[in-house]
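Number of protein chains: 2
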Amino acid sequence: MTIVMYDLVGCDDRRFSPHCWRTRMALAHKGLEHEVLPTRFTEIPKIEGGRVKTVPAMRDGARLVVDSWAIAQYLEETYPERPSLFGGPGGEQVTRFVQSWCGAVLHGGLIGMIVADIWQHLVPEDQEYFRTTREKRFGRTLEEVQAGREQRIEGFRNNLQPLRMTLKDAPFLGGEQPLYADYLVFGAFQWARSISSLRILADDDPLRPWLERCLALHGGLGRSVPAGAA
Amino acid sequence: MTIVMYDLVGCDDRRFSPHCWRTRMALAHKGLEHEVLPTRFTEIPKIEGGRVKTVPAMRDGARLVVDSWAIAQYLEETYPERPSLFGGPGGEQVTRFVQSWCGAVLHGGLIGMIVADIWQHLVPEDQEYFRTTREKRFGRTLEEVQAGREQRIEGFRNNLQPLRMTLKDAPFLGGEQPLYADYLVFGAFQWARSISSLRILADDDPLRPWLERCLALHGGLGRSVPAGAA
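Chains as they are written, first to last, in the working numbering: chain A, 1 to 230; chain B, 1 to 230.
Hints in this document: simulated from the structure, not taken from any laboratory.
Treat the numbers as computed from the prediction; the structure is a model and nothing was measured.
Any given hint might turn out to be false.
Partner residues are not named here, just some residues of chain B that face chain A (Cβ under 7 Å, in silico) [what the hints assert, rightly or not]:
1) 86
2) 91
3) 94
4) 161
5) 173
Note that the Cβ used here is the ideal one computed from N, Cα and C, for glycine as well.
The following block holds chain A by itself, in its conformation from the complex (with noise of 0.2 Å):
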């Protein structure tokens, strides 16, 4: 039976959804065959008769599993022989700090600079609810976040001198090949990319590089969806 995974998706096909991201490349890394199936925000409530409350989530046979870091553990245990995610138990571990980092300062340092553009790239139903959500959130509106991201950019990209420091040494974060952490850093920027004209990285950034080399990762994954400011 195929795995069947439920993306986000807004207007157009966008697939911006940073946790879904990470999902996606796992499945590609375990070279797992399964269909993705693009999910708008209002239909959550409405897949897996109601059990699901965010994506990504995973359906493999009788399994359902919900959450990018458990659907992960769950690949990785249940499919031990495959190219591994975090390569032992100490991996997965640590891995952990990795996606503590990309909540802390990736995500919450992108989510500001973006947040009305992905409202842009959102289907109708999808915008009142990301709106009102959002704007409760943070107490103003969407694009009273974003306003003047200008001047927070600098400071973001220096946030990411600790991705530099290790990709001077190795191509991928896991190495030679790419392991989760990878997929982890990746997945915020696609958030980005996906829907957003930011230019997260400098011309001259070091990291880019490391960003192709994601970006062509399993058949070109990454780079096979729509992408920029529409």
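Take the given structure of chain A and dock chain B to it, following the hints.
Just chain B now, kept in the frame of chain A:
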């Protein structure tokens, strides 16, 4: 033959090098008998026939290994039957990211808040060497660099958020037990603790229990040395 490790020392037996702490914790983690030789900055050119430019350095029989990361790798390869520092090849690889983060965020943030405190805890010959080389690097006096640290501590504490997020789920970055990733971070805290009265963490910081656990490891090794401002 007992392993010999060269450990940076200041006046009054201060053991302040964050890189040396990584090695001390790694040797203890492996349970390897070893002798720690306190070494002042200006003594380094005299050890091992002038073949060592930085500490930590370690001699294991005929083998001389310099640099904390090289030592950790050497110990892992040479003593695989002892408790692992990385928990597998993926762990070793992803730990490089933690090391980069420590360098950029922890060391990069702390040095500007404790550099004059370090100078205070050196013997006179080392004080001259340290002031000359560091003031050249910063282009300012050590006291100017350190001034106003009270205004910077809050930003530094905010940058620790990825640690807090990770340590919500487990007692150590390594999971139920510490790995080298913990020692990387712990070394930075020991750096400050050994020579400064600066309170790195607020009283209610959720990182405190982790720090206490690290201080208690290996017979309370981290707590066995002089600490605080003289």
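Hints, one by one, checked against the model:
| no. | hint | verdict |
| --- | --- | --- |
| 1 | 86 | holds (5 Å) |
| 2 | 91 | holds (2 Å) |
| 3 | 94 | holds (4 Å) |
| 4 | 161 | holds (4 Å) |
| 5 | 173 | holds (6 Å) |
Figure legend: structure checked against the earlier numbered hints; every hint is met.
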